[in-house]
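**Student:** Residue numbers (this note's numbering), protein chains in the order written: chain A, 1 to 597; chain B, 1 to 337; chain C, 1 to 332; chain D, 1 to 347; chain E, 1 to 360.
The hints are simulated quantities; they were obtained by calculation from the structure and are not laboratory data. Careful: at least some of the hints might be erroneous.
[As the list claims (entries may be wrong)] Quick list of in silico lysine-lysine cross-link-like pairs, BS3-like style, CA-CA up to 25 Å: (1) Lys230/B with Lys287/E; (2) Lys68/E with Lys149/B; (3) Lys91/D with Lys229/C; (4) Lys101/D with Lys215/C; (5) Lys232/C with Lys275/D; (6) Lys91/D with Lys131/D; (7) Lys136/D with Lys232/C; (8) Lys229/C with Lys136/D; (9) Lys478/A with Lys28/B; (10) Lys230/B with Lys68/E; (11) Lys89/D with Lys215/C; (12) Lys478/A with Lys47/B; (13) Lys478/A with Lys57/B; (14) Lys91/D with Lys101/D; (15) Lys91/D with Lys215/C; (16) Lys38/C with Lys19/E; (17) Lys149/B with Lys91/E; (18) Lys229/C with Lys101/D; (19) Lys91/E with Lys131/E; (20) Lys251/A with Lys118/B; (21) Lys28/B with Lys57/B; (22) Lys101/D with Lys232/C; (23) Lys47/D with Lys15/D; (24) Lys19/E with Lys230/B; (25) Lys149/B with Lys232/C; (26) Lys208/A with Lys230/B; (27) Lys91/D with Lys232/C; (28) Lys151/E with Lys131/E; (29) Lys89/D with Lys229/C; (30) Lys206/E with Lys275/D; (31) Lys232/C with Lys47/D; (32) Lys19/E with Lys287/E; (33) Lys47/D with Lys101/D; (34) Lys229/C with Lys131/D; (35) Lys396/A with Lys548/A; (36) Lys215/C with Lys18/D.
The primary structure of each chain is shown beneath.
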Amino acid sequence: MRKRMIALFALLVLILPVLAACGAATPTTAPAATTAPTAATGGEATAPPVADAPTTAPTDVPAAAPTDAPADPPTAAPTSAGNVLRIHQVAYPDVFDPQKSSYSGEIVLLSQNYEGLTRLDENLETVPAAAESWEYNADATVITFTLRPDLKYSDGSPLTAENFVYAAQRNCDSATAGEYQSILFDLAGCADFASSVVTDTAAYDAAKAGLGVSAPDANTVVMQMAQPAPYFHTVASLWVMYPAKQEMIEKGGETWWQDPEAQIGNGPFQFSSIVEDQQIDFVRNDNYWNPAKLDGLSFIYIDDSSVALEAYKSGQLDIFSPDPSQIPAVQEDAELASLYVAYEGANTTGLQFNTKLAPFDDLKVREAFAYALDRETYCEVIRNADCLQTLTWIPKGIPGYDADETRFAFDEAAAKAALAESSYGSADALPEITMMYATNDPANQARHEFVANTFRDVLGVEVTLQGLPSKDVSAAKKDNATYPQLSLGGWIGDYPDPQNWVSVFWNSNATFAQRQGYGNPAADELMKVGDTSTDQAARIAAYQEAQKIIIGDLPIAPMYNRVNKYVINPRVTGYAMTPADDQFPGQWSSTSISITE
Amino acid sequence: MIGFLIRRILAVIPVLFVVAFITFFLMKQAKGGPFDQEKEVNPATVKTLNARFGLDKPTWINTTAVSRASDQGVANPLTLTRAFLDSQFGNYIINAVQGDLGPTYSSKGTENVQDVIKRKFPISLRLGLLAAALAVLVGLPLGILGALKQNTIFDYISLIVATIGTSVPTFVTGLLLTLFLSRVFGVKPIKPIDAWDGYSTAYIAPACILGLNTMAYITRLTRSSMLEVKRQDYIRTARAKGMGDRVVITRHMLRNSMIPVVTILGPAVAGLVTGSFIIENIFRVPGIGDEFVGSIGSRDYSMIMGATLFFALLVALGNLTVDVVYGFLDPRIRSKS
Amino acid sequence: MATTSSEMSRPGQPGVEEFQRPVRSLWSDAWGRLRRNKLAMIGLFYIFFLSLVAIAAPVLAPHSPARPIGAELRERGAYRQAAWVESNNEKKTGLWTYPLGTDSGGGDVLSRLIYGTRVSLVVGFIPMIFTLLIGVTMGLVSGYAGGALDSWMMRFTDVVFALPDILFFIIVQTAFGKTTFGRTFNGLLLIFVSFSVVSWAGVARLVRGQVLSLKEKEFVEAAHAVGVKNNKILTRHILPNTLAPIIVAAAFIVPGAIVTEAVLSFLGIGIQPNTSPTNPFPTSWGQMIFEGKSGIDSQPWILISSAIAIASITIAFVALGDGLRDALDPRN
Amino acid sequence: MQAQAAANDNLVDIKDLKMHFPVKSNGLLRRTIGAVKAVDGLSFTVKRGETLGLVGESGCGKSTTGRAILQLHRPTSGSVLFDGQDLTKIKGEELRRMRRKVQIIFQDPYASLNPRMTVGDIIGEPIRVHKLRSGKDVRIRVEELLKVVGLNPYFINRYPHEFSGGQRQRIGIARALAVEPDFIICDEPVSALDVSIQAQIINLLQDLQNEFNLTYLFIAHNLSVVKHISDRVAVMYLGKMVELAPAAQLYVHPMHPYTQALLSAVPIPDPEIEKTRQRIILQGDVPSPLNPPSGCYFHTRCPLVIDKCRVEEPPFTDYGHGHFAACWRATEVTPILSEPIQQETAV
Amino acid sequence: MAKENTPLLDVRNLQVQFKTQDGIINAVNNVSFTVNRGETLGIVGESGSGKSVTSLAIMRLIPAPPGKIAGGQILFDGEDLVDYSEAEMRKIRGNRISMIFQDPMTSLNPVLRIGRQMTESLQLHMNMNAKQARDRAAELLAMVGIPAPDKRLDDYPHQFSGGMRQRVMIAMGLSCNPELLIADEPTTALDVTIQAQILELLNRLKDETGTAIIFITHDLGVVAGMTDRVMVMYAGRAVEQTSTQQLYDNPRMPYTMGLLDSIPRLDEGKGERLTPIRGLPPDMLEKAERCPFAPRCDFVQEVCWTTIPPLRSVEPNHQAACLFDITHEQRQSAASKKAAEEAAALESALESVIAEEHSA
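Isolated chain A, as found in the complex (with noise of 0.2 Å):
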């Protein structure tokens, strides 16, 4: 009867095999009885994390030993946390597979693991990389880079020109689909080859024949272009060229980049170790022609800011991403606004028109709204300056940025001026106006409420805000028929080269400007000089025109730059801070940075 009594009871304890059978898929310890969690693993906040992260084996099952053994097995990891850098990072990246990857967060790994042909330097200027120098023909269709001699992997084998034709290949393959496909159909012969149908075998061996790049030997990457691309040594930095080993990617399946082992690389590190959204570790690699001075680098993947403060104030953290949020909060604490930086990003938001729709078809109304921006207490208020004002399109750092830009400033008197100007004569007569925000961001309410508030206050315009998850507004933007009458948005450069922020966005044939509604032939012109001359000082002065014409014809408004902001521990040392630190500052020259005790 007492055995019935208990029965409640011993079901708990029935569950508990099923406890160790889930605990027994994680290498750590046994399950505890379910009372006593404090029968626990290491305890927590005492050691940094890094210390142990990388002896502790990942859930996956290592692949199979490569056939060509490494030398420097990713096992052999820092031994203290001394000389590792352990930067802060909000979201856990999806996928990091240099032909996939689409997103900062991802980009940021890769290019610590790996290297293109060029990279950007701490002046975001193309400088050789793996490629020691490069050549354009006459009217830069075709693109010669030469390697270094002896390039190896950080296992040791070498890297030759033909892995980097696997690369291209392997972004251009429509089989391999990656996101950013695109950014290479300057390429001869990839953007068919990116359609082709693998099904279609002839067709698609075909397209892969008809792709124009190609090893004359194992030093020299020839590159056949599509059309004049003389920014095209820039994109060659960019990380759909980074060389992942073809046998490891065959080997591993789709998901081969998650096995630290096969992705071996060219570039100053190496993954040593993946948490999934936890950590990721690297080591320095040695292989790497110019060595850098950490042992490695841990990224921690933290995305509620406030623990991340927190972590930061208790040593866990050598770089931390404050949100806007916070910076109050980092303002007022003594030590950590010593420490807290902020610079100006490579990136411009600015209020989007659709221009197709009443009543922004009209010039005086966008000037109307172009004037009414407070840009400078939005900065300063309500994003508590985590952006700077701007007038211009191309960011300050990025070549074609142009500092003289004064029209359109925050100007009520102009403002009203413009709508009483305009077709419609007053705020009564405006149709009505709805502007589109993304909701993810808790703090995007209040800055849209502060835009439309303004334009109430100043213009008399009402404005009505639609907030919808990010997701539906990157759908309904993607759509010339439902692309909102009014939004805020922009363009983060992919590469510091003018080309990539105004001929790909505000070309006439650019989606992103037929979207809007924009285009206009004599900006066309001056842009079509940018994108095929030869000569860089003739080109950007090109596209400083062209962006002239842009701004004056308002399909944006710009409003403002978000900064690059950090809290870094003072032992931190050698970091070169650009526009693109969009990570961690110095993430494009990580090789000099250091560690001082």
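Let chain A serve as the given structure and place chains B, C, D and E on it in line with the hints.
**Tutor:** Leaving out everything else, chains B, C, D and E in the frame of chain A:
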């Protein structure tokens, strides 16, 4: 009993099917596919991706495949049916029956939903079971104490805990607790990477908060159930036989009053191991709930479908377990089924 | 037969006293019991108080719930601390003009809290009515009709029960959030509908159970026996007798709906903002929690005040619900 | 039954009434594995103006019989002729109209009144349904009915829970009377009442019968009450009728051993009689109606059982003077009780 | 221990009160009675008359709160149980005094096997080990006429029929050879043939064991055959107490007379009109200083409305709580007068109805 069990298990199948149908239908209403990025993706690339994930097929039924097949002279009804069901939904269901919930889109197809569940669910399961254990181990005694010492300070404490626990949503208590810990003690629970392996102190705070609602509910239910049983004639009989308090409570009251408590325990435990999105979000627990919320944002259809089905299945299993335990506790039920 | 006449003729007879007593329906009895329950009455009073706050929000709120711009915003500052909190940044130090500080857009937290009462009450009551309408109808029909109709309806409620509810809300919000339907009343309509769609099943089961037992009650048989039509039996005999548990259920549905709105807003898919100063539902507590969580380091009072507001209203409703259950079911 | 008087003498004529409730298996397919034969082939008549008593122990099907006659449960088979019309064949509006003529009074005075309706509504409802009165006249009529059942008309706005059990039973009777029925089925109308109240209700029922020329089917398990009020008494066992006889006759000379045992088990409030009384104590319990014994259902407990009883079901035979019994040894049953004190009023 | 010349149970001026929302109810009001060894005392009364509360008070099982023993003594074998501690009471309950209840369906714990429920008191009071207790339990079951007792010990209550359960209850009640058995309406929930079985069983066991019994019932027929003496209760008070024979032959309290007159008897013919007690059972909340039966009494006089009649000796061994000595003639004439009144009242009520029917 066996027949009863089989019937109950079979009844779960149509329920799961309709749940899958509803979820699928709703997800199809949402604009924006898994491959919509903020930046432009080449349409050809999107097409290829859609083909790879079978998203180029019709949503519900594939009539073109049927007519094509019959044009080709296929008469085998099985083949034709398969062609008819060669749709996104049809294929999903057919694969799901075989235990394959399809690749997740966010991993670009590199990982299957069942693998994600396998990887992340143990953490949620541990969290949920700890919360359930807490709820039972605290809630039961508190409820029993409240009922036995009716209208005393114990009773009032148990009532207040129960009322507050059931009414205040966990995410409020969770947020306030984290706020309190960080403001007063400067503690922000950042957990080392392996903190979530096995059982560890990392689970304490989230499990306490997660279990609070259920604990309070169990307290209330136990209390009222004990009070109900206390009034029963057979308790009077036991007292009339001269049985002491301890015997009356443990032998005569507990098991009878457990019956309604057990009834809610199944769904409650199922709810605890699945319903911890908010708590996982607040306490940064790398479990399946957090994964799920993320997958909705990224329109990861297969993850959403898989998680919904998985959760629905768990709830069904929870209820099934209750039925079995119920019979164990109550001989009247046992002999009836 | 002599009983009545003699009863009336004698003093001290219960029959005579009864004529003087007021008529006591079961409802008035229940109200009498409820009035004796202190906790429930405090809850009821609090809910009444909040209703007044909701109605009088424009009068009570010291500032507009909409966020300011320009000079006013510079003066208020974003993330200003609660009045009693000192900060080394003069711009952040608390002011008694903004007792609970300001939010990320410089809005006054107290004023938002006051306006947020409206959403919570509306979001609590309206879905409750929807839920009851669907649930009671389904339960009545299902329980009374019996047979195949009943078993199909019950299978259907099984499905609804199997839907993980929070997941379902999220999916529905994602699916319909951007449509006109999803944006009606700042998205409140969609919350109402999706909440009702999931929660009616519980009510339906409750009502069905009641109907099944009432159907066997002798007074229903008596109604059949005197030839009362089925629809009249349902509305006059069965429905009024299911009301007590329905009322109790309703008292527990309300906090459930309030919490659901808060959770959805917390996940960023709840009600949508409307900046127009004339909009009656400019903000909700759940949204404040959502914002407050990200501002936890800079202005914790957004989170604290809205969390306390939610907690107190749900406690009030649960206390009232408990009281109603005790009052309406005198057995306990 | 053919031996009974002319057809129009019989208000109610029940032939081979069966009421079976299917029982489902708990197996996979939920097959119907049997039936509870609550009522299994009853045939009897109720004469105009008489009271027919129906007794039996709980579960013998007596209440089900009442409900089957009223068509509250539709019988599985058989016919219920009321005033020449077969109630089992009519439905809908027609059946509703017939309901005016047949009424029921329930056992539980607490469950049989809708707690959310006032007394006036409860009694007024049948009047409105059958449009017997309209407007203000309904209220006048309800007040009259209250007076008839011995309640003060002031009670019209009160709710049932404000009344005691006896008063509630009076309200139930008033409701039944409201449609001016011919036939009332009294389903254990006094068994839930206190002893001192029972007599009030029994007297009331008798008075009403005389005044309104009512016919009663009086269902009860209390043999003394049944015998007191009935002209004829029918005894049921496991869904079947085992004996039917004029009340006094049944008492003096039971022809079924079950009736005999039943009679001998009833305690008599007289210590002297109790001391000397001879008792037949039946052994065991009533078998399950789901799985009744073979042959005569009573053979498992019968003191007079013979082999034949185990295999062959005894027919319901008329032994003269309206005395029917279903027993192979009916004539061998000898009275064990003393003569009744007063016999002259017996039919 | 046993004191031969004292009664086994001597209840003196027992008062039990219950607190309710509407006020205090005196459920048992100044009740005194005795039970001698081996004797069977019947307590008769309608629902709410306080008979069950009296029995629970003896066992000290009044649920407190809301109830409490407000006064009086319960002398069991000379010791006042009111003063006993809970621990001392536990040694009495189920051992020297045991009790069986009305509803055998709910009085047994549904989730425990019959064997467990039977052996627990044997182990507690008789210091038996599990084996002995089980053997004894089987013996007891056999004694109350349950076939295959060994097997049935492992059954659950729901596997027994109502009559069998009551047998189990009786076996449990007798298991420790109590000196006093309180049977609280033991047959009310049973069918008449089963009731006969149980009554016979009780009578047999009483003879075999010599246990004193308090037999509580509302059925005057059952009392007649089961008891030596009877106490009639009304509105929480004892209103008449005498030997069973005397009570039936010569009742002295109008309530008792009314009861006897109002029940139909199997051994009388049809047509005899019953003589009911008019009015309603008393409102227990009422505090008026009057005879509680006055409103329903046929012989009521002015003084009855101002005086609570004490239980007085009207004859040797016969007490009744009535101020008057009602004669047989008075009783007869009251009955016939009542019948006439009743008929007249109905007549007048019907007149208007019939008149209207005619006009309609």
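**Student:** Mind listing which of the numbered hints don't hold for this structure, in increasing order?
**Tutor:** Violated hints: 1, 5, 25, 26, 31; rest satisfied.
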